[in-house]
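Just so you know, the protein sequences line up as chains A and B, in that order.
Residues 1 to 144 (the working numbering) make up the first sequence, in order.
Residues 145 to 373 (the working numbering) make up the second sequence, in order.
Hints may be right or wrong, so weigh each one.
Here are some chain B residues pointing at chain A (derived, C-beta under 10 angstroms) [what the hints assert, rightly or not]: (1) Tyr179; (2) Val180; (3) Ala230; (4) Gly234; (5) Ile235; (6) Cys236; (7) Ser241; (8) Ala271; (9) Arg274; (10) Arg279; (11) Leu280; (12) Val282; (13) Gln345; (14) Val347; (15) Arg349.
If you're looking for bench data, these hints aren't it; they were derived computationally from the structure.
We treat Cβ as the ideally placed atom computed from N, Cα and C, and that holds for glycine.
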Amino acid sequence: MPVRFYLHLTLVAGLLTLPGCFTNNRNQGERLYGQHCASCHGEQGQGLGQLIPPLAGSDYLAQHSYELACIVRWGLRGPIVVNGVAYNQQMLGVQDTASHHHLSPAQVTNLLNFLESHWGNHPGPAGVRTIAGTEAELRACGQQ
Amino acid sequence: MMRLKYLPLAALLALAGCGAAGGSADTDTPATLPYVGNTEPTDGAGQGATAAPTKVPPFRLHDQDGHLVTNQSLAGKVYLTDFFFATCPGICPKMQSEMLKVYKQFGTNPKVAFISETIDPDHDSLAVLRDYARRLGVGTPGSSWRFVRASRDTAFTLAAAYFTGAMPDKAAPGGIAHSGTFALVDDQGHVRGLYDSLNPQEVSRLQKELPVLLAEAKTRQGQPVAAQP
Numbered sequence: 001m002p003v004r005f006y007l008h009l010t011l012v013a014g015l016l017t018l019p020g021c022f023t024n025n026r027n028q029g030e031r032l033y034g035q036h037c038a039s040c041h042g043e044q045g046q047g048l049g050q051l052i053p054p055l056a057g058s059d060y061l062a063q064h065s066y067e068l069a070c071i072v073r074w075g076l077r078g079p080i081v082v083n084g085v086a087y088n089q090q091m092l093g094v095q096d097t098a099s100h101h102h103l104s105p106a107q108v109t110n111l112l113n114f115l116e117s118h119w120g121n122h123p124g125p126a127g128v129r130t131i132a133g134t135e136a137e138l139r140a141c142g143q144q
Numbered sequence: 145m146m147r148l149k150y151l152p153l154a155a156l157l158a159l160a161g162c163g164a165a166g167g168s169a170d171t172d173t174p175a176t177l178p179y180v181g182n183t184e185p186t187d188g189a190g191q192g193a194t195a196a197p198t199k200v201p202p203f204r205l206h207d208q209d210g211h212l213v214t215n216q217s218l219a220g221k222v223y224l225t226d227f228f229f230a231t232c233p234g235i236c237p238k239m240q241s242e243m244l245k246v247y248k249q250f251g252t253n254p255k256v257a258f259i260s261e262t263i264d265p266d267h268d269s270l271a272v273l274r275d276y277a278r279r280l281g282v283g284t285p286g287s288s289w290r291f292v293r294a295s296r297d298t299a300f301t302l303a304a305a306y307f308t309g310a311m312p313d314k315a316a317p318g319g320i321a322h323s324g325t326f327a328l329v330d331d332q333g334h335v336r337g338l339y340d341s342l343n344p345q346e347v348s349r350l351q352k353e354l355p356v357l358l359a360e361a362k363t364r365q366g367q368p369v370a371a372q373p
């Protein structure tokens, strides 16, 4: 009886563990955000003062939809305006971090689909991103 | 049978490993905070002798407005300090956003100060620090959050004195490795708490413990000062 009880307990525990151990593409974007973006842009995309622009409810994301893949891959420098606030600091981390350059088109796609479906953001004019679309955008900025 | 007995334990370990098990029991806020650093008698004194706890060494730093920040200027205040640099791509934005959270809670208390010291003085001139403070939204002249600068050597020596562990590291993003630790210093210059700013539970512990130190300082300042030998 105790053995069977423990076996059941183990099975239930094992099942509970599954979602944490296995990732799928739907969650990959969120995971990549946590790994590559959250330390600067914040857990909820809130940004930091006038130092780091927000990604949550960002008009910049909506207006620069076709440039986002290249920004993730290569960063951004120079002045920009997000939600009426001016920012002018190099997008840090990207240029130092080879892992950004090595994000695959599929990973960039999942990351941006996550961003464009959370925190008040919406998919760009072309709708939900596809890997082919991301590849085309990356080609346009000279690097796939 | 023996092996089956350990299955639940294995399952629990697996849960923790996958990050599914979160949270821990909230510990009670202590009545007093410990002294961090050397509290052992160093002069060969016998049992029961009390050693003077380690103090932060003397420093002279300049803040973003060019004013001097020294041990004396901070005496009588509880202060929270961290080491950062303006172009830090790693943990600094997270650190400063957590510091901002604490500043919003305690920033108007005249007995509390915030000191962020750059560990990249070559890049972070006072003008850069002034701009950083302004963009962070805490750059008003009377603000209790000061962004200070000294030589690299001084910064690293002080970081060690505050147990915050910053050091040059070519392999780290931005060329400097540091730990994200906040040090809480009492009104007499003793380090009384260390908090990992990257851990939300540690930051909420800080928010509970800072008032403990304020209460202690208030008690001390209400008492007649003991005659110095």
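Structure versus earlier hints - violations, ascending order: Checked against the structure, the hints that fail are numbers 1, 2, 8, 9, 13, 14 and 15, while the rest are satisfied.
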